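Residue numbers (my numbering), protein chains in the order written: chain A, 240 to 909; chain B, 971 to 1299.
Everything labelled a hint here was simulated from the structure, so no lab data went into it. Remember, it's a predicted structure, so these values are computed and weren't measured experimentally. Be aware that one or more of the hints could be misleading.
[Unchecked claim] With a straight-line cut-off of 30 Å between C-alpha atoms, the simulated BS3-like cross-links for lysine-lysine are:
#1 A:K836 to B:K1063
#2 B:K1003 to B:K977
#3 B:K1004 to B:K1148
#4 B:K1163 to B:K1192
#5 A:K889 to B:K1063
#6 A:K581 to A:K523
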Amino acid sequence: MTQIWQIPRLALLWLILAYLSVVVLHFRHLPAWISLAAAIAILWRVQLYRGVWSLPGRAVKWMIALICVIGLYAAYGRLIGLEPMVALLTTAFTLKLLEMQHQRDATLVIYLAYFLAALQGLFNQAIVDGLAIAGCFLVISAALVALHQSSDRQSVYQPLKTGGLLLLQAMPLMILMFAVMPRVGSLWAIPIKSHSAKTGVSDTMSPGEFSNLGRLADVAFRVSFAGDAPPRHQLYWRGLVLSRFNGRSWHSAGDYGFGLADRRMQWYNKPRPEWAQAIERDGKPLTYNVIMEPSQQNWLYGLATAQPDSPGVAYKRDFTLVSPSPIIAKTRYRLQSWLNYKHDPMALSLQRRAIELSLPPGYNPRTLSLAKRWLEETREPQALIRRALNLYNQQFTYTLKPPRLGRHSVDEFLFDSKRGFCEHFASSFVVLMRAAGIPARVVVGYQGGERHPDNNYWLIRQYDAHAWAEVWLQGQGWVRVDPTAAVAPERIELGLEDILGEEDDFLADSPFSLMNYRHIGWMNALRLRLDALNYGWARWVLGYDSEQKQLLSALLGVASPTRIGLFLLVTAGATLALLAAFQLRKTRLNSRDQLDKLFLRWCLKLKKHGIERQVGEGARSLGRRIAKRDPVLGRNASLITENYQRMRYKSGHIDERELRRFRQQVREFR
Amino acid sequence: MFVTDIKKGINRAIGRWLRDRIPASRSVLLDNKKLFIFPTAAGAGWLLLVLLTWLAATNYENNLVFAFACLLSSLFVVAILATFANISGITVKYVRSTPVFAGEEAIVEIVLLQQQNQSRESIRCGFARADSVLTGLAAVEEQRVHLAVQTTRRGWLNPGRLVIETTYPLGLLRAWSKLDLAVECLVYPRPVKGTPLTVNTSGRGDGPLLSNEGADDFVGLKDYRVGESLRRIAWKQYAREQGLMAKHYADPVDEELWLDWDAFDGFDREARLSRLCAWSLELARTPNSYGLRLPGCEISPNRGEAHQQAVLRALALFEIGPQVGKAET
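The following block holds chain A by itself, in its conformation from the complex:
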């Protein structure tokens, strides 16, 4: 039967609200003109409903679609990628709003809304974003319920209530599925987001870069140790090893100089016995979990000699950690580190040694001649290192506002300005060492962190970014040397915040960060509490993958697919049975039966007064009999009998409130 389908009034209202909520949710990464299109679409839809305007014709529809696609292309410069795709779906969603001629069109619009709302999770993953998506789901579910509701006689909020109830009922099973369902991992390469800037330490180091990070209070990553945390001055979070110097900036030398076998990455679960000789580890390992904030970069951070214990994390020959794809979402991984170690203690390959000693010709002549002078006095590497550190300690200043440097940056820093941030010290130190014939390299990463007082975890922020040096010594291998510690030991012991917190530039780029109010007691407490919440969210929701393995093994012994499947089946079955028992309870008496039950209860109470209801005696005559016997009791009794009589034999539905009042009267009868 062909029938003009008209969307129910209530459904239209909720559908428009659902549409609005999704557009608002994605507002930040949609081109501005989409909100205009949304406003027009809503207006058109409402006018359609009122019968004032008519549906757009086929030609008009195609033209609008074409304009939208051109508009999207103009905004993004491409149509492939997450953001253009979301924008495209949103426009499709907008156009479909105008085209709803059947119930299935409306259903499609609602499904699109669900999908778009869920996709928001790819852009932002804070607690607030999760709550916002959940709110969207609530409104969309209300629209879906309203679409299937038979009548408009219900209140406007009825669909919202029903939808909310359904979502609440779905929660236990959802949590169960989330906890147990295995994560498969990326199925194909995914385009990276276009607008999000890379944050944190970069893969090059030039003067001034780290002092910029010193202005940021954003969290870089959080770390929780399985046992006791090592002392703060040992917390050097290695990120990248930079061996190539072009006179101004440091770069990674990559795999150059390594043998073929050493060029590959080592995955967490595939041991590489030939690398075992490259490192000597001693003592008990330190186990810890890292939750990285999205950095849009490939590399990860860990303490020295970190060995990954999570899928998707590998380490390279220089014992830095990498992820095969950029970190675009919060990522959690587990590491083991040995703090007593010897890294490449026996020998460096010839090519590698050459790289770690190379200096660009024609740069920093004064530094080279200084090293030459030192070499004339001693060839002992330890003494040379001590000498350089002494130099820093006696004459240099550690500051967030280093002066700009020219072509011979190391020369100018060492002999003229003598003021610098960590990268200046690391860079000049490595140049000095190389000039003195000691293989040396720059390591960038983070140092220290803030220990959270309640939970046993560390917060590492962008301003903890740090650069230091590693020198290679025969028999000891690569040894960490931090020239910054020589000039400002408090930086390593206490953290940047404690020594430079008074400088104007500290946190200059994070004006709204709660870190700015850390001096106010309760603000600081609030800040830490909020971060604990964020930490829990990051650990148990966003970075759950690595937690899952342990949790399942603890629960099931062995986390085999059969056991997981059985566990899911049993627990989900139990949850559903509980829900079904709650929903399908048949024993719920109707109001008349409840009334009778209450009356019988009252008759039992009467027995205490020695009054028994005769067989076949009506409520009214019972009331009169009691009144004759005991006028005081009778007043209350006749109230009950009259009410009972009236409600029991009146036609139609018994008012819920009246029933409640009657229950009260029976309960209070003495």
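Based on the hints, put chain B in the right spot on chain A.
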């Protein structure tokens, strides 16, 4: 040909199975045994939505989106219970239906009631071959539903099984039942006017007499006297040369009319019944008594509502039998 045969065979088998599972009854409580549930097309679409969301979550290794993919699939499971709960526990009762003439729409009245104090939405009920009605069961404890069924033939109405279904609240699943409510609805023959009625006043006698002079029961023959109506002359006897005689009646005031099967010679069974039906309606409007004479069935002349219904009932059920026709699926 072959395929349609197979289809018919399958339908018959399903019909038999349904008859055993949900036997005919005037009042049926919808419970686990009688309800079925299966995803709708929209439900299949929902599974596609879950798959897409899961793909996005997996490919971007994003646990937040994964959580919402779990929520969507969990919602589907919860919807199974919610849809089932929306219809389960309802008692469907057949109330009554008023007889109609073939070709008209019969109105079958049913009532939905429930013991629970639960609000139910969007329950659709209708007979297999008729329009359905969308109703709810909110706040009130019972809901009357009038279902129109198009009739084609006289006899007992066979509306097929009553399909009662719901997809509320999310439209992902359809919970339904097919009930045989033992509907007793009489369909009278389609009245056909226009054929003159040959009323036989004397019962067995022949002759196309339209009316008689105010008499009812034939008593006997007497000698004809001049002045008597010529119509009273017993021509048969005269022809047999028994002399001129006149017929005499006991009750000269009331006249008795007979609707006689034999009055419509040359018509087939249904055509005769249709015409008898039309005349019975016609006669009911006059003050006359009328009787019905069908092969193997005779209703003596009378008047009034009950009599009319008895006559129509006899016409409707002629050569069909009094038992209610079994509903088919």
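Discussion item. Run through the hints listed earlier and report the numbers of any the structure violates, in increasing order.
Written reply: As far as the earlier hints go, only 4 is violated by this structure.
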